[in-house]
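Protein chains in written order, with this note's numbering: chain X, 1 to 399; chain Z, 1 to 235; chain D, 1 to 236.
Hints were generated in silico from the structure; no laboratory data involved.
Taking lysine-lysine pairs in the DSSO-like style, the calculated list, with each CA pair at most 30 Å apart, reads:
no.: 1; chain 1: X; residue 1: K390; chain 2: Z; residue 2: K104
no.: 2; chain 1: X; residue 1: K19; chain 2: Z; residue 2: K129
no.: 3; chain 1: X; residue 1: K212; chain 2: Z; residue 2: K67
no.: 4; chain 1: X; residue 1: K212; chain 2: Z; residue 2: K104
no.: 5; chain 1: D; residue 1: K169; chain 2: Z; residue 2: K129
no.: 6; chain 1: X; residue 1: K9; chain 2: Z; residue 2: K127
no.: 7; chain 1: X; residue 1: K390; chain 2: Z; residue 2: K90
no.: 8; chain 1: X; residue 1: K209; chain 2: Z; residue 2: K127
no.: 9; chain 1: Z; residue 1: K52; chain 2: X; residue 2: K225
no.: 10; chain 1: X; residue 1: K212; chain 2: Z; residue 2: K126
no.: 11; chain 1: D; residue 1: K201; chain 2: X; residue 2: K59
no.: 12; chain 1: Z; residue 1: K127; chain 2: D; residue 2: K169
no.: 13; chain 1: Z; residue 1: K104; chain 2: X; residue 2: K9
no.: 14; chain 1: X; residue 1: K9; chain 2: Z; residue 2: K136
no.: 15; chain 1: X; residue 1: K310; chain 2: Z; residue 2: K15
no.: 16; chain 1: Z; residue 1: K127; chain 2: X; residue 2: K18
no.: 17; chain 1: X; residue 1: K212; chain 2: X; residue 2: K13
no.: 18; chain 1: Z; residue 1: K90; chain 2: X; residue 2: K209
no.: 19; chain 1: X; residue 1: K392; chain 2: Z; residue 2: K67
no.: 20; chain 1: X; residue 1: K19; chain 2: Z; residue 2: K126
no.: 21; chain 1: D; residue 1: K97; chain 2: X; residue 2: K13
no.: 22; chain 1: X; residue 1: K310; chain 2: Z; residue 2: K129
no.: 23; chain 1: X; residue 1: K225; chain 2: Z; residue 2: K108
no.: 24; chain 1: Z; residue 1: K90; chain 2: X; residue 2: K19
no.: 25; chain 1: X; residue 1: K225; chain 2: Z; residue 2: K136
no.: 26; chain 1: X; residue 1: K310; chain 2: Z; residue 2: K90
no.: 27; chain 1: Z; residue 1: K136; chain 2: D; residue 2: K169
no.: 28; chain 1: Z; residue 1: K150; chain 2: X; residue 2: K212
no.: 29; chain 1: Z; residue 1: K105; chain 2: X; residue 2: K212
no.: 30; chain 1: X; residue 1: K13; chain 2: Z; residue 2: K127
no.: 31; chain 1: X; residue 1: K19; chain 2: D; residue 2: K220
no.: 32; chain 1: X; residue 1: K212; chain 2: D; residue 2: K47
The structure displayed is predicted, hence computed values, not measured ones.
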Amino acid sequence: MNNFGTLYKYEVKKIVCKKLFAVMCVLLLVLIALTPFSSLFGAYYENGEPVGSSLDIYKIEQSRKMALSGRTIDNELLKETVEAYRQVPDELRYTSTPEYREYAIGYNEIFSFIRMSTGMDFKAIKAWEPDEEELYKSRKETLNRYFEESFITDAELKFWKEKNDKIDGPFTYTYHDAYEILIDSFQTVSVIVMAFIAIVLSGLFPNEKVLKTDQLILSNVLGRKSTFAAKLLAGITVSLGCSLILSAILFVECLGYYGTQGFEFPFIMVFSASAIDISVGQVCVIAYLVLQAAVLLWAIIVMVMSEFLKNGIATLAISMVFIIAGGMISFPVSMRVAGQIWDWLPTNYPAIWNMFDERTLPVAGKCFISWKVVPIIYLLIGAVLFFIGKRKYERVSAE
Amino acid sequence: MELVIDRLSKQYGAKIAVDRISVKLNKGVYGLLGANGAGKSTLMRMICGILKPTGGTVTFDGIDSDKEAFRAILGYLPQDFGYYPEFSAKDFLLYIAALKAIPKKEAKKRVAELLELVGLSDVATKKIKTFSGGMKQRLGIAQALLNRPKLLVLDEPTAGLDPKERVRFRNLLGSIGKDCIVILSTHIVSDVEHLSDEVMIMKDGSFIFQGKWNDSEMSLEDFYLSQFEEDEAHE
Amino acid sequence: MNNLDHRIKEYFKAPESKRKEEFINSLAPSEISFARFVISQAGYIRKLTWILFSLVIVGIAAVPFILDSSVIWFVSGLMPLLALLMVSESNRSIRYKMAEIESATRFSLRSVLLARMVLMGTVNLVAIVIAIPVSTHFGDYSAVASGLYIVTPFLVAASAGLYIVRVMKGNTALYSVAAVSLFISLFMFLSRDRFTSIFIKDAVKYWGLIALLALVAMVKQTAMLIKNTEEITWNW
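Same shape as in the complex, but just chain X (with noise of 0.2 Å):
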């Protein structure tokens, strides 16, 4: 045991007293710090021309948010929130507008909600009579009609209709920007984590060939198994160790500058998709945690492809395609199974629109939500790559 937590340790020395995990980690930080601000810099245009800075206009946009904070969405807030669209010209670019900033900046997400609930387009909404009970009807009939059209099967569908006929409005409006910007930034931060995981481990078992120290380590005792348990858990230490820590940066971030309300907000509102009733908050933290599964089976994956390939950079090109081509390539709905693999893989899962979204495991004709099992998923995969990983280096012959 004395002797694991030794060669452990050693193994953590080697991934992290590397000139290239310094430079990806100051990078990382750069990009996370950057990450939850990127909309407020650089000037905000109205009909092409700048009016000032994005962060006013954001500052704006901010107290009428939280002037309205706390209010039901019912009618009152309802008529309000088309009065001020009624102020807008009918232009494509109607949020590039003296108007809207003057009148509807404030009324947006409630806009935005009419919107996705009615099918109703901006010019609609502007001649519509507002009536909560019809909207809140609506909403439950637009998503049963998704649902229907989602290539999901029976039970999905039946599942998926009877939660939906549970959320019943009205709604409360909060103040909810620190979670927007998590949901917002979520995937943004768990690419560049995979791509870390990539850099830093993609090296780790070729590297001992390269360095030409495994004929030493093949040599000894423990040099089998008791290393390839060493450099697995070291790997995976560092990885979540830096997912965690990021993703905890991100929160202070995001919680420190835009405000901790609006925690209870519910999700709907923001993915109308969804017929999950939760809150924002809660996403957010289910999000991240899911997200710390996905590092967790992505570290071992790279781990053991390189001990297979027997060569990092080989490992680094597939991984990073893998990261590229998830962000770029997506299965047509029809192709249910294998869009839906693709999708669970753990360098596309961490998105909400993966994570969140209608398809479900369907197990002996039982529904089960996708960020309840993929994780269970992700750490059973985890330990069968381990076996096999461990199996291969075992067997190793320098040859």
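Using the hints provided, position chains Z and D relative to the given structure of chain X.
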């Protein structure tokens, strides 16, 4: 204490690198001589259990070379080994000690002892990347001795050592060789003459000579060189 | 006539040459110009490099027909890969421990390195010249902005890569270069949806500044790398 190599072979495609070598070794120092490409390093790696043989077995007191118990009594210095640039000499030896399952407390004492023995105490905390070739080789010898091995396999151990260091190494090996089996491969005939109790000469994967060399008829060096002349004559 | 020549050769053997070596040594050694040397080096650039380069060019040309948007991000994301190929070729002599031998030849290591940089620089320029009009035509940005979005990732990756191979030794240097290049590629792919504020009109001048600094850095690193070839043998 007996190392038994029984019909050990290694084949790469059509090329036979080691051809059914059988030998029994007891306590003492055994010099393994041979030209480049004779199969010495391949044989050494199979003895250490880090290269799978195509055929045959290697056992030490009945323990197979692929078992952990075998590696527990083994000390190996490869011909061409590397290091971790960010490690110091002390870090490196402590790391290898951990791989050898030596308890931490004991490892610290042993590391200090060996650094003193190989003359690297003064640079124990310096990074290996700052070491000269000779210093790295001494560090390599130190790591092979960490677990007080019963079987010590040294592949070209005096490469990179200056004459003074070579003499020091010979004295060190002389004292170790009394209590364990040492197999030492080299090109330097004088090292074998000074150190070994027995000589094994390898050519094209087989032993052409094995035993105590009798200088009365011909010097070892002359015999060794005569093998090259025979090759040239055949060509 | 050929038959007669053949018969004459058969019956009349030419005498053995005398002082052949002396005569050959008296001839001036044949020389090739530096330009011919540079061209001859093209044959020693690895086939894999040419294949990967071709794939990048095909990718640039094909992407407007595959993606309906995000052409510029995809193309600019490919640029650091070209930089990686260039840096990888420049580092080959050191990586495969040929530097000492090449240093002792007539066209020494310095010339070899310069030749490779010239060749790879030229082919990369071809790629950039293709990429800019493709991205401008199929994108929402001006030619200047598109050009900067394409050239800047290449220059940043190239200057960083050349610095890394100059200060780091061994195969780990190439791994670090690959990591940095791929990270820059990923950043460009990501910036399609994220970090969109760096692509506003006002930011173009900052892109120009970064491109200029990176170009100066790349030229400086190249010069230092070539100058370093003298120190390589000394350090051995």
